[in-house]
Amino acid sequence: MPGLSSRPGGLVVIGILTLSFVHINSEIWSNEVADVQFGHLGSSITLACGAASHGSPVQWWHNGSSVQPWRTSGEALTLLNTTRSMEGNYSCHEQSGALLQTVRLRLGYPPGHLRVSCQVPSHSRIICSWMQIVATHLPTEYISSYRVDNGWPESCKQELAGVNECTISNPQFWGNRHIVNITEVNPLGSMSTFTKVDVLKNLKPDVPEALSTLEVEGQPTQLLVQWKAPVSWSDDIAFPLKFELQYRPVGSNLWSKLETEDTSVTIMDAMVGQLHHIQVRAQDAFINHSQWSEWSHMVQGRPWSNPYTSTEETTAESFDESVFPTTFPVKATNKSPEMSPENESLSLLLIISLFAAAMVAVVSTITLLLWVRNRKQHNVTKQELTSMVKMKSLPI
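Letter by letter, the sequence shown follows residues -26 to -1, 1 to 370 in mature numbering (1 follows the signal peptide of the UniProt record, and there is no 0).
It is possible that part of the hints are untrue.
[To be verified] Here are the simulated DSS-like cross-link-like pairs (lysine-lysine), alpha carbons at most 25 Å apart as the crow flies:
| id | residue 1 | residue 2 |
| --- | --- | --- |
| 1 | 216 | 202 |
| 2 | 231 | 202 |
| 3 | 178 | 131 |
| 4 | 178 | 216 |
| 5 | 202 | 131 |
| 6 | 175 | 231 |
| 7 | 170 | 131 |
| 8 | 175 | 216 |
| 9 | 178 | 231 |
| 10 | 231 | 216 |
| 11 | 178 | 202 |
Since the hints were derived computationally from the structure, they do not count as laboratory data.
Given the sequences, and given the hints that come with them, work out the whole structure.
Structure, rendered in C-alpha cells:
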C-alpha cells in the first residue's frame, strides 16, 4: 500500500476537507498566535516589537538574557540560520527597561509525507495507522478520510485523541479499491498522503483465541484441540473462517498440519506419552488470496496414558528405592539380566574363537596321526628290501 504524493486530482479533496476543518484549526492555534511565533528551522526569522514607536530603538532579551549575537534593526530582531537553541521566550524593552512585548518562538518543519499502514481484520472494519517519517517538532493535527474508486470522500473516524489511527466501518467490501487520505496540518502548512487499500488482498483475521488441548479417554495416540474464532471476526455464517493447525512432539523440528472449518480437531497420530507443541491460525474460507492470520501463541498437550500402568511403575520404582538404597550394592538373583548388545557381541566372538581353536586342535591331531602311520609303513618297506638283498647274496 504505497503512499502517493499530492497531485492536482487530490487538491479538490484537500480543499473540501481543509474548509471543513478551518474552524477546528483556528481553535487549535488561536490562543497561541498572539504570544507564539512559529518558524522554519534553518531559515532567517524576524521578530517585531509591535508595541514600540516606529523607529524607536528597543532592547531584546532571550530567556532573560540580553540578545547580543543577533542582528537588530530599530524595533525588529532578525535571527539568522535558526537552530533549536534559539527557541524560547523573547521580550522587547524600551531603553529605560520598560517591557513592551513578549513573544515565544517555536521552530520546526512543515508537514511531510507519512508512513501509512492499513489492516483489514474483518469484513466490517478497515483500520489505518500512520507515523511521521521526519519529526516536525510542532503541534500537529491530522485529517483522515477515504473514498471508494472515484466516489466522494467520507470520514475515516479517529476514535482516540492523540492516537494516530482511524477506522472505516462497514466498507464497500466488493469495491475495486479504497483510497485513504491522511492530511497532516501544522502552523507551517499541510501535506496529504494517499494510500491504496485492496480490501480483499489485505483481509487478514486476527489471531484465534483460547487455544487449549484435552486428552481423549482410552486413546494414547489422540489429542483433542479446541479454540475460538477472533472476537473481531463476524459471527455471520456468510463469512466463515478456515483454520490451519500445526503440531509436533517437543524436540522435533518437523511440523504436521491439519485444516478444518471447525473450532476443534482431533489429532490422530500423536506420539504415545510425548508432550506436543500446538499452534493455530485463520483465513477467510472463501477468499483464498486473502492473508492468513499470525500463528497463535504456542500451547502444550500430552495424549492420554493408562493411569494404572503409571501407578504400577511408580510403585515399583518407590519399592526398589526403599529396599535397595543406591549407596549399597545389590546381590544379583538367579535370573539373568538382559544382555546388552556389546555383551552379546563379546560372547559370540568368544564362542567363535573356542570353536576355531578346537578345529585347529582336531586338524593337528589328525595330521600327526597320518604322519606317524606313514612313517611306520616306510620303515616296514625298508626292512623288506634289506632282507631281499641279503637273500640274493647267499650262494646257491
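### Task
Please flag the earlier hints that this structure goes against, numbers listed from lowest up.
5
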